[in-house]
Amino acid sequence: MRLLASYVIGVIFGLGIIVSGMVNPAKVINFFDFFGTWDPSLIFVMGGALAATLIGYRFVLARPEPLLATSFKLPTSQHIDARLIAGAAIFGVGWGIAGFCPGGAIPAIGTGRSDVFVFVAGLLIGIIATRLIIARLGAPNTARRAPSPNKN
Amino acid sequence: MVTTFTPIASLAGGLLIGLAAVLLMLALGRIAGITGVVSGLFFASDLADWSWRAAMVAGMVSAPALVFVLSGEMPQISVPVSGGALFIGGLIVGIGVVLGSGCTSGHGVCGLARLSPRSLAATLTFMAATAVTVYIVRHVIGG
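Going down the list, the sequences are from chains G and P.
Residues in the first sequence are numbered from 1 upward in steps of one, following the working numbering.
Residues in the second sequence are numbered from 1001 upward in steps of one, following the working numbering.
Wrong hints could be hidden among the right ones.
As the list claims (entries may be wrong) - What follows is a list of derived Cβ distance ranges for each label pair: (1) P/1117 / G/34: 21 to 29 Å; (2) P/1082 / G/35: 17 to 25 Å; (3) P/1117 / G/67: 23 to 31 Å; (4) P/1115 / G/83: 16 to 24 Å; (5) G/114 / P/1045: 27 to 35 Å; (6) G/113 / P/1008: 20 to 28 Å; (7) P/1042 / G/58: 27 to 35 Å; (8) G/63 / P/1058: 23 to 31 Å; (9) P/1115 / G/63: 38 to 46 Å; (10) P/1082 / G/112: 18 to 26 Å; (11) P/1046 / G/67: 14 to 22 Å; (12) P/1141 / G/67: 43 to 51 Å; (13) G/4 / P/1069: 17 to 25 Å; (14) P/1008 / G/77: 12 to 20 Å.
Read the hints as simulated data drawn from the structure, not as lab findings.
We put the beta carbon where it would ideally sit given N, CA and C, even for glycine.
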């Protein structure tokens, strides 16, 4: 049941990415090209997504627990540190260069386009290498316990 | 390369993204942060931890085929940058989303919806960084 739910949720997410245009790097980069071929569409994507999630989370998080899991796995840290800001800035640079972010690129894999695979290859190498390096710097032999990216 | 302003489709797509995020929280109690979902595929703690992520990714990857079946066309994707830029950009994104503990979906949608100060700081930062990068690439370097 969990797997079916996860799959369907993935399909809905992917549909949203496609319908919204987030799957299209030209459209994403144009959103940030204020002095060039500006396309404001992304504002509506964020607006729609935020509206749905803000309202939906109110109801869902008022429940004692999720439907198919024992508890909510919510990030607890509230601390804004240099690592967060540096990471976000670095992410922004990469996003501006490629026009793909993780959420935009993963559904795009399903088109079979080789340029998407090129981005995803870089993405996966970047993610895995960074987590391994962080783990190694933190404590050797604990690559499995590298900090989870959901620590927001 | 000009793209068309699509307020209705973008809003509809955004609502779907939000719906997926809400459903994931309702079903599994998790943030729909794609960075975390994908990263966890390679650092899963056990089979249960891995399998829901694999199923969700499988669903995401299935979406273009569904769009093709429903509309007769594959999703429109125009890549205005070189293969090298895609790879390097991907690498940099990968480094940034791990250090920054999330991306557009995790921070920009889910984190903001939770009124997280960390996510607000992250989102403002990556939006600004992306804008500056695009400006430099498009209008300074002229790529």
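Is 38 to 46 Å a correct range for the gap between the Cβ atoms of residue 1115 of chain P and residue 63 of chain G?
Cβ of residue 1115 of chain P to Cβ of residue 63 of chain G: about 18 Å, so the range 38 to 46 Å is violated.
Can you tell me whether the CB distance of residue 1082 of chain P to residue 35 of chain G sits inside 17 to 25 Å?
Since the Cβ atoms of residue 1082 of chain P and residue 35 of chain G sit about 22 Å apart, the hinted range of 17 to 25 Å holds.
Is it true that the C-beta distance of residue 63 of chain G to residue 1058 of chain P lies inside 23 to 31 Å, as the hint says?
Since residue 63 of chain G and residue 1058 of chain P have Cβ atoms about 27 Å apart, the given range 23 to 31 Å holds.
Return holds or violated for the Cβ distance of residue 114 of chain G and residue 1045 of chain P against the range 27 to 35 Å.
Once the Cβ atoms are compared, 33 Å apart, the range 27 to 35 Å for residue 1045 of chain P and residue 114 of chain G holds.
Does 27 to 35 Å hold as the CB distance between residue 1042 of chain P and residue 58 of chain G, or does it fail?
The hint (27 to 35 Å, Cβ to Cβ) holds, given that residue 1042 of chain P and residue 58 of chain G are roughly 33 Å apart.
Do the Cβ positions of residue 1117 of chain P and residue 67 of chain G conform to the proposed distance bound of 23 to 31 Å?
29 Å Cβ-Cβ, so the 23 to 31 Å window holds.
Just to be sure I understand the hint, the distance between the Cβ atoms of residue 1141 of chain P and residue 67 of chain G should be within 43 to 51 Å; is that true here?
Given range 43 to 51 Å: holds, Cβ gap about 50 Å.
CB-CB spacing for residue 34 of chain G and residue 1117 of chain P relative to the 21 to 29 Å hint
At roughly 26 Å between Cβ atoms, residue 34 of chain G and residue 1117 of chain P fall inside 21 to 29 Å, so the hint holds.
Range hint 16 to 24 Å (beta carbons of residue 1115 of chain P and residue 83 of chain G) holds or violated
21 Å, holds
Starting from the range 20 to 28 Å, see whether the pair residue 113 of chain G and residue 1008 of chain P falls in it by beta-carbon distance.
26 Å, holds
Does the hinted range 17 to 25 Å hold for residue 4 of chain G and residue 1069 of chain P at CB?
19 Å, holds
For residue 1008 of chain P and residue 77 of chain G, compare the CB-CB distance with the range 12 to 20 Å and indicate the outcome.
Given about 37 Å between the Cβ atoms, the range is violated.
Going through the hint list in order, the structure does not satisfy hints 9 and 14.
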